[in-house]
Every structure is written in structure tokens, then in C-alpha cells.
Amino acid sequence: MNTKINIAGVEWKNPVTVASGTFGSGEEFSEYVDLNRLGAVTTKGVANVPWAGNPTPRVAEVYGGMMNAIGLQNPGVDVFCERDIPFLRKYDTKIIVNVCGHAPEEYLAVVERLADEPIDMMEINISCPNVNAGFLAFGQDARNVETLTAQIKKLAKQPVIMKLTPNVTDITEIARAAEAGGADAVSLINTLTGMKIDIHRRTFALANKTGGVSGPAIHPVAVRMVYQTAQAVKIPVIGMGGIATAEDAIEMILAGATAVAVGTANFADPQTAEKVVEGIEHYMEQYGIEDIHDLIGGVRE
Amino acid sequence: MKKKERAAVISQESLAAGIFSMWIRTDAAAEARPGQFISMYTEDGTKLLPRPISICEIDREGQALRVVYRVTGPDTGTEQFSRLGAGDGIWLVGPLGNGFPVEKAEEKRAFLMGGGIGVPPILELAKQMKCEKKQIVVGYRDEQTFLRDEFSRNGELYISTEDGSVGTKGNVMDAVRENHLDADIIYACGPTPMLRAIKDYAAGHGIECYISLEERMACGIGACLGCVCKSKEKDAHSNVHNKRVCKDGPVFLASEVEI
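Chains as they are written, first to last, in the working numbering: chain A, 1 to 301; chain B, 1001 to 1259.
Please keep in mind that the hints were generated in silico from the structure rather than gathered at the bench.
Quick caveat: nothing in here was measured; it's all calculated off a predicted structure.
Note that CB positions come from ideal geometry on N, CA and C, so glycine has one too.
Mixed in with the good hints there might be a few duds.
What the hints assert, rightly or not - Derived coverage of chain B by chain A (criterion: at least 3 residues anywhere in the stretch with Cβ under 8 Å from a Cβ of chain A; other residues may be distant):
| id | stretch |
| --- | --- |
| 1 | 1040-1052 |
| 2 | 1106-1112 |
| 3 | 1217-1224 |
| 4 | 1241-1247 |
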């Protein structure tokens, strides 16, 4: 049975990674998950300098999921390179570093700093608010996405994944812009912007008022967007959004995802990602699937 | 490798209005320390996140933990826990967090202070503590002074109630003043206003003080950065002025954190 996939020349042993921000930099979860079992580990977003993030409360539970507004707290790329990359290098898994910034210069500074680090891929989080473009997040404007992707590709020595926000009218337009800018892959979906109000206190549940909704509740939205995007671009799609089981992951693969990421479900059971890997293998055995590629985009009309 | 464990409920009882006590047979008892917590999960697929619940008592030989918790409302995760009985299964991860540095109280006069649903973790702390003078100061809303008998067997007990029905009327600091109590070291768990008052008192009197903080959590194991508190100095792990309540805490030296 072959579960190996290849994205931009990087071979993963299986199509399962974790969604950025739900797995730290792997160290905390390594007590619960054999990181060697994962196709790749995707780290929490890292910026050029340390970010303190938002005030608390930063998380709230919602029906079938949760909301977060962590605010991309991170220790900055220097500490990340000294501490977190060497830790992950001890495991037989691919390393995908998620990169965040407020403005193009900040993204580019991180990409440049990572160029000679022993990492396998970079994922660019373009759903942060962008101070240069007013109130739109970077990833909500196709021209911005194409320009930034092209700038990053000039500096990057590793394959570049652009991570797309679902908070747009047409995600395929943004995906095509990333492809036009030279992205090696796109990953989607990031969280859906939401709001929760505590009716007893009559306050917002999150200090930030709004937050990103994730978890099983958003899975059908993610499957739809992965399907549409896979139809629209030729580069590989990494699917995520509410994957809690191997069945959810296979659904995403059938919709057109070459690989998948487990996110919020890591909080419901820290071993979820490993269980998804095992479950995909069982499914392939059950249906006599020799090669995972026979499932990618394999949904029948 | 650690994992989410299917533990077994040994017994459950109601101690006061909305306050439940559950004994659980679990591997987590082997290494648990006072002040640590366990992540408890519901059976309800619409409620994904663990509920962090502090450990009230540890029975190492019996491989059991006791949790005493408040039901936060109808149809909540805690309400679902309250319906479990002997023989039912419960998913949990733990023990988690750092716990109270109980050994630092040796040969000292200690305050062990709890307020509201911050009272339960003080019990195991009191049971394990060896010190010169063990002064347990616990605050409740009213006459429903749960765990009172257990406390009175494990130290000098002082009670405050908001409505004055038992002990000192007011909060735990009012009980300290009314009884003219002194300490060389303080351990406390409770609502933030109470912890703030204790932190100020300790700072004013130059007393070593450890406080257990509470914050909304998601992962419970230090990865998601949902439950941070402000730290006085730049934290070595976060590289900013934030510490993780679930992993670096929940117990902090009061002078290290800003609350």
C-alpha cells in the first residue's frame, strides 16, 4: 500500500499534517503523538519579531467547535530557529514552518531568515489583518496575494504553501492568484470569522470580540472550498477545516486535497492526528486501495 | 507515551447546591500533586474542549482522584459530568500543570487560602503539607461550606462567608484580619479579585506567596496559547511577557505574574 504523497518535490510518508496553531511547535504534543507517524508537522505561525498576542479570554467553545483569537503570539523567528527547528529535526517527519506578518516586509524578513534553515516547506498565513491595505486581511485581495506570493518566491529556498482564508466571496479567485504568483501549493481553509456573546454577562466571549471559528461544525464548508479550489488550480491543495476523524480526512482527499491537516480535533484528543493516519490506512485496506493517489479528487458525480 | 484515558467513576455525590464531588479510578493518581488539574471530556460531540478541573484529593494506593467542581449551568459539560455515577466511564488527560510547591512550607507558618470553587485544591494541599502552623482560610458565599469537615481535620480552620452566615462576614482577607493571623508563606486558589487582594497583602508584608490562576483553556497541554497570563519578566518559553496557565502554571509565584 502506498500512502506517500509528493508536494513540490517534498515527499511525505503519508498525507497527514497538523493545522498551524493547534500543535505548538510539536514539543508539547510529542508526549502524546509519535511525530514520526505524521507526514509533516506544521508549526505555529512565526513572525520576524516576538508577538505578545491578544488579551484573554482568547478561546471559547461553540456548538461543534470553538473560536480563537490568540493573536498569533509567537517567540519570534530567532528563538524559533534556535529551539524549535532542532527539536523537530530529531523526528522522521517533514517540517512546515508557518509564517505570519502584518506587512510584506515582515513576511519577507521571516522567509529570508528561514532560507538556510533545515526545514522542508513554508506555509504563509495571509489571513492576518494587513496594516498596509487598510481593513482587508492580506488574503482577501487577489492582487495582494499574487504580489506577495511572487515576492516570497523570489526569496524562498523551500517550497511555498499559501494558506487561504475562507472569509472571501470566491476562494478560487484567491487560489488562482496564489498560483499565478508562483505558489507551490495552497492550504485551506483557515478559520471562519465569528462572534460569540455571553448573554449572562452581556459581554463578548472573546476579548478580541471576533475570533476564528474552527472544528467539526465548519467541515462541510471546508470540503466545499477544497473541492472548488482543486478544480480551479493545478497546484496541490492541502485540505483542512474540522477534520476530526479519518473519515473526515478521506472526504477531503476525495474532494481533491493531496494532503490534509488535523486542527481543532487535537484539543479534543491529543492523539487525533496519529489516529487519522491509522484510519486512512484501514480505509485503504478495507476498499483495496493500493495507492493514496487513487483517492485524491476521486469523488464521483 | 501519554494519552487520553478512559477512567472510571467510583462514586459521585452532591456537596452543596451545584457543587459535586466525584471519585475517579485513574492512572493519573500515580503522579498527581496538589494544585494540578485534569482535563475532563464530555461524551457530547458538540462539546469538543476539555474541562480543566482541579484535583481535590489524591488516593495513590487506591489509584483514585477526587474532583469537586461546580456545575456551570443547564446542558453544560459540567452538568453532564454531574449525571455520572459509579461504574460510568469518563475520558480524561492528566495530571496537568505544575501544582503547589508544598515542600516550601516546611517549618513555616502557612496560609492555605481558597475561595469559591478555588476551595477544593486546598484540601489535598492541606493533607500533604508539613509546616509549623497550618492555617486554612476558606471563603464561601453562604452556609453551604462544602469540605468543611475535611479541612477541620487537616489544620486550623477559618471560614469567611459573603453573607456572614458562617465565620467571618466578608472574604478570606477579612477572616485573616478578624482572627489576627500571620504567615510566612501563602498558598491560594480562587477568583481573581481574591487573588489580587492576597497578592497585594503578601507584597505589602514581604510574604512568599503562590497563587493558582484560572483561564479559559483549549488544549490544556501548553500548545495553543489560549490560556496565558501576563508575566512581570519576559518568559523564557514565550519570549514575551506571557506565561501559559495550563503548562507553566496554574500555580505561580504571585510576584511573577500580573493579575
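Taking the hints in turn, this is what the structure says about them:
no.	hint	verdict
1	1040-1052	holds (count 7)
2	1106-1112	violated (count 0)
3	1217-1224	holds (count 8)
4	1241-1247	holds (count 3)
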